[in-house]
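First to last, the protein sequences are chains A and B. The opening residue of the first sequence carries number 107 in the numbering used here; numbering runs sequentially from there. The opening residue of the second sequence carries number 2 in the numbering used here; numbering runs sequentially from there.
Just so you know, the hints here were simulated from the structure itself, not pulled from any lab data. Since the structure is predicted, the reported quantities are computational estimates derived from the model, not experimental observations. Cβ coordinates follow ideal geometry from the N, Cα and C atoms, glycine included.
Residues from chain B that keep clear of chain A, each with C-beta distances beyond 10 angstroms, as calculated:
1. Pro4
2. His8
3. Trp275
4. Gln350
Restricting the straight-line Cα-Cα distance to at most 27 angstroms, the calculated cross-link-like pairs of lysine-lysine (DSS-like) are:
5. B/Lys179 <-> B/Lys10
6. B/Lys10 <-> B/Lys107
7. B/Lys107 <-> A/Lys194
8. A/Lys194 <-> B/Lys10
Here are the chains, one letter per residue:
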Amino acid sequence: MIALLLLAAGLLLGLALGLALPRLRSRPPRATRPTTTRQILLPFTGTTLSRRALEAAMRLARVEDATLMPAFLATVPLHQSLESPLPKQCEIGMPLLEAIEQRAAAQHIPVDARVQRGRSYRHALSRLLEHERFDRVIISAADDPRTGLSGDDLLWLLDNANAEVLILRPAPQDTRTVSSNGVRGHF
Amino acid sequence: MVPDRGHYKIFLGMAAGVGKTYRMLQEGHAELENGRDVALGLLESHGRAETAALAEGLELVPRRRVAYRHQQLEEMDLPGILRRAPEVCLIDELAHTNAPGVEHEKRYEDIETILAAGIHVISTVNVQHLESLNDRVAELTGVTVRETIPDQVLGTADEIVLIDVSPEALLDRLRAGKVYPAARIDAALNNFFRIENLSALREVALRQVAEEVEAKRIVTELVGTRNELLAESAPQAVGERLMALVEPYPGAQRLVRRAWRSAQRLGSQLDVLWIQRPGRRLTAEQESSLAALRTLTSVLGINLLVEESDMLADTVARVATERGTTYILLGRSREPSGLARLRTPLPQQLMRRLPGVDVRIVADRALRHEPTP
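Please work from the sequences and hints to get the whole structure.
Structural data, given as C-alpha cells:
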C-alpha cells in the first residue's frame, strides 16, 4: 500500500516537474524595457513620415540596442480643453503609428509609442520632453512644412531638448515616405 | 434665395476601361427619358467608339479654350454650364487638374460650384486617384498617379456606385481594343494592365466602397442630412460595445489602437480595462507604460477602467456584463509555465462566463507570414 502511495506521489511529482522544467528553460523573456535602455524619440505630425527619418531611427535603435519611441503630436484648438479627445486627428496618426510599429517590429526593434497633445506642435513636443527622458530625438525637416514642425520649432528643439537632436534633411528628390498605407492587414 | 445643393453621384472604378463613362452616359439617357433636362458637361471618350456613340442624343456643353504657355488647351466650361443650368450635368473624370487660369485648380472643385448652384451631378473617378491610396497604389502597381483628389470628395457624394468587372474581363476588353487604340495595347498589357495589378486595385476599390457605404449607412440611418453626414462624431451602431483588456506594457498600446479602429468601424463605444493585482506595486517601467496608456485613451476619447482583483476572468465577466460589452479584445498572453499550464486559458474562461460575447485575440500583424504565391 505504502509502495503504491509512494509510486503515485512520485508520478505526480514527475508530472509537475515535467510540465514546469521545460517551460522554465524555454520561457521567452517578456518584451519589456529596462530603465537603462536608451530611448530614441521620433516625433511626427502629418499623414506621412519621411522614410529616411524612420530608417535612420531604426538603424540607430538597432545599433544602440535602444527603444524606438515614435510620437504622434496633435494640436488642440484654444476653445477646447487641453485634455480633449481628438478622434479626427487620431484617424490620421494612429494608422501611421501602426505602420511605424509594424516596420520596427519586423526588424525586432522594441517600440514604445507615444501620443501627446498641445496647443501647437511645439507645445506638444515640449510636454513630451518634460515628462520623459530621451537620449536622442530624430526629426525630419522634410516633413510637410504646412502641417509639421517649422524651422523655428526645430531651432527651439535644439535649444531645449535635453538629448542629442538629429535633424534630417533628405535630398529634395528623396520623397519616399511611410504612410498609413504601409499597414499590413487591416488596422 | 440659395438653391438646395444638387445630388452628387460618383461612378468609381478600379482602372480605365471598366465602363464608368459608359454607365454615366446610360444614366444620362435614363434621366432624359424621365423628362429631365440633362447636359453633358464634360466627356472624355478616349476615342472609344462605343462611348462616343452612346453620347449621341445628349446635349454637350462645348469646352472652352484656355491659353497656356503658347498653347491652346481645352477645359470644361464652368461658366457655360452654370449659364446653361441643366437639371442634371454629366461630368467625366473628376480628378482632372485644370489648366492654370481657370476658376479652380481641380475639376472636383468645379463640380462643387455646380452642385452649389443646385444642379445634380453624375461623375466618374478611378480609385487610384484617391489621395490616401496613392502611395499604396504606387506600391502595388509601380505607377505613381499625379492627379489626386482628397478622400473627402467621395465623402461629399450622395451616392457612390462601384463599376466592377473581373480583371480577366477587363483584359479581354483591352485586347479587343475597347479601352485603348491598337498601338497602345501592348504597352498597357506590359505595364499597368497586369492581372496582379488589376486584382489588387479591384480589392482596393471594393474595400473603399464598402467603407464609404458602411460609414454612410450608420450616419444616414440615425441622422439624415448630408451636412450632418460629415458630423464629427458618428452615432453608434445599435448594440455593439467593445472592451480591450490591457496590462501596462508597451505592446498594450497597439492593442488599444486596434480595438479603437475596430470600434470606429462598428460605430461602437470602447472601454479599456486593466485589472490590477491587489498589493502589487508597479515598476517604474510599468508606471511609464500606464501613463502612456492613459494619454492614449484620453486622446482617443475612450474609457480606461482600472479594477483591483485577483480573479481575472470573474472580474472581466462582471465588468463586461455591467458595461453591456458584446466584443472583447485581448492580446496574446505569455506561454504559461509550470502548473499554470493546467489552468484553462483566459479566452476560454471568458467564453464560458460570457456566452454570446465575441472574444478576439489580437495578433501582431508584423509577425504574419506572407502567403506564398
